[in-house]
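Novice: Sequence:
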Amino acid sequence: MSIDFTAMYASHDAFRRDLERLAQAVAEGRAHTPGVRAGWENFTHQLHIHHTAEDSGLWPRVRERVAGRPRELALLDDMEAEHSRIDPLLTAVDTALADQAPELPDLVRALTATLDDHLKHEEDSALPLMQDVLTAADWAAFTGRIRETQGLRGASVFVPWIVDGAPPADRVRFLGAMPPPVRVLNRLFWEGSYRRRGLWSEA
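Each residue of the sequence shown is one higher than the last, beginning at 1 in UniProt numbering.
Be a bit skeptical, because a hint or two may be false.
Pairs of lysine to aspartate or glutamate, DMTMM-like flavour, derived with a Cα cap of 25 Å [unchecked claim]: (1) Lys-120 - Asp-13; (2) Lys-120 - Glu-82; (3) Lys-120 - Glu-80; (4) Lys-120 - Asp-78.
Here are the simulated distance ranges between beta carbons [claimed, not checked]: (5) Thr-6 - Arg-195: 38 to 44 Å; (6) Ala-23 - Ala-169: 21 to 27 Å; (7) Ala-81 - Gly-198: 23 to 29 Å; (8) Leu-73 - Pro-179: 34 to 40 Å; (9) Val-133 - Pro-34: 20 to 26 Å; (10) Gln-24 - His-45: 18 to 24 Å; (11) Asp-4 - Ala-27: 34 to 40 Å; (12) Pro-102 - Arg-16: 21 to 27 Å; (13) Ala-169 - Ser-125: 39 to 45 Å.
Hints listed in this document are in silico derivations from the structure and should not be mistaken for laboratory results. C-beta: ideal position from N, C-alpha, C; glycine also.
Can you build the whole structure from these sequences, using the hints too?
Specialist: What follows is the structure in C-alpha cells.
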C-alpha cells in the first residue's frame with residue numbers, strides 16, 4: 001500500500017506561500033504590522049511542529065529501515081543537517097522583525113532559499129525513500145504524532161492555514177484527505193475563525 005503524501009506536500013506549499021507573503025510585506029514596508037507578525041508567528045509555530053515531528057518520529061524510523069545502506073543514511077544526515085541550518089535563520093529573521101533591522105530583506109531571502117532547497121531535497125529524495133521503506137502504519141504513526149501535538153485547537157488553525165489561498169484543486173485534494181468531521185468543522189467554524197485572525201493582513 002502506497003503512502004499518501006498529500007498533507008506533506010500541502011504543508012510544504014503553505015510554508016513557501018507564507019515566506020512569499022513575508023517577503024512581500026517586507027518589500028512594502030509593513031513587516032511591523034500586527035497581521036504580518038501574527039502570520040510570522042503562526043508560520044514558525046507550524047514549521048517547528050513539522051520539523052520536530054520529522055526529527056523525533058520520522059527520520060529515526062527511516063534510519064532503522066535503511067541500516068547498512070550508506071547512501072540512504074547520508075541522505076538522512078542531510079535532512080537533519082538542513083533542519084539545523086534553518087533554525088538560526090528563523091531566529092535571525094525573528095530578531096530583525098522585532099528590531100525593524102535594515103538587514104531584514106537579506107535575511108528573509110536567505111531563509112526562503114535555505115528552506116526551499118530543503119523542501120525540494122526532501123520531496124525529490126527523502127519522500128521516494130520513505131515510500132520504499134515505510135509502511136502505511138509507519139506513516140500513520142508519524143501523522144498521528146503531529147495530530148497529537150496540534151490537538152483540536154491546533155487543528156482549527158492548521159487546516160484552514162493549509163488551504164489559505166491554495167488553488168482550488170489543491171484545496172479539494174487536501175480536504176479530501178481529511179476525515180469527514182474535520183471537513184465539516186473547517187467549513188462551519190474553523191475557516192471563519194481563521195480569517196478573523198487576519199494573518200498576513202495589510203491593515
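Novice: Is 18 to 24 Å respected by the C-beta to C-beta distance linking Gln-24 and His-45?
Specialist: For His-45 against Gln-24, whose Cβ atoms are near 20 Å apart, the range 18 to 24 Å holds.
Novice: Please work out if Lys-120 and Glu-80 have their alpha carbons no farther apart than 25 Å.
Specialist: Holds: Lys-120 and Glu-80 sit about 14 Å apart, inside 25 Å.
Novice: Confirm or reject the claim that Pro-102 and Arg-16 have a C-beta distance inside 21 to 27 Å.
Specialist: The hint (21 to 27 Å, Cβ to Cβ) holds, given that Pro-102 and Arg-16 are roughly 25 Å apart.
Novice: Between Thr-6 and Arg-195, does the C-beta distance stay in 38 to 44 Å?
Specialist: 23 Å, violated
Novice: Holds or violated: Lys-120 with Glu-82, Cα cutoff 25 Å?
Specialist: Answer holds: Lys-120 to Glu-82 is near 12 Å, not above 25 Å.
Novice: Is the distance from the Cβ of Ala-169 to the Cβ of Ser-125 consistent with 39 to 45 Å?
Specialist: 25 Å, violated
Novice: Just to be sure I understand the hint, the distance between the Cβ atoms of Leu-73 and Pro-179 should be within 34 to 40 Å; is that true here?
Specialist: The hinted range 34 to 40 Å holds for Leu-73 and Pro-179, with Cβ atoms some 35 Å apart.
Novice: Determine whether the Cβ-Cβ distance between Ala-23 and Ala-169 falls within the hinted range of 21 to 27 Å.
Specialist: Taking Cβ atoms as reference, Ala-23 and Ala-169 lie about 25 Å apart, which means the hint holds.
Novice: Mind checking the alpha carbons of Lys-120 and Asp-78 for me, to see if they're no more than 25 Å apart?
Specialist: Since the Cα atoms of Lys-120 and Asp-78 sit roughly 13 Å apart, the hinted pair holds (cutoff 25 Å).
Novice: Given the hinted pair Lys-120 and Asp-13, is their alpha-carbon gap at most 25 Å?
Specialist: Since the Cα atoms of Lys-120 and Asp-13 sit roughly 11 Å apart, the hinted pair holds (cutoff 25 Å).
Novice: So the hint says 23 to 29 Å: do the beta-carbon atoms of Ala-81 and Gly-198 match that?
Specialist: 36 Å, violated
Novice: Does the beta carbon distance between Val-133 and Pro-34 stay inside 20 to 26 Å, or does it fall outside?
Specialist: 45 Å, violated
Hint check: violations occur at hints 5, 7, 9 and 13; the rest are consistent with the structure.
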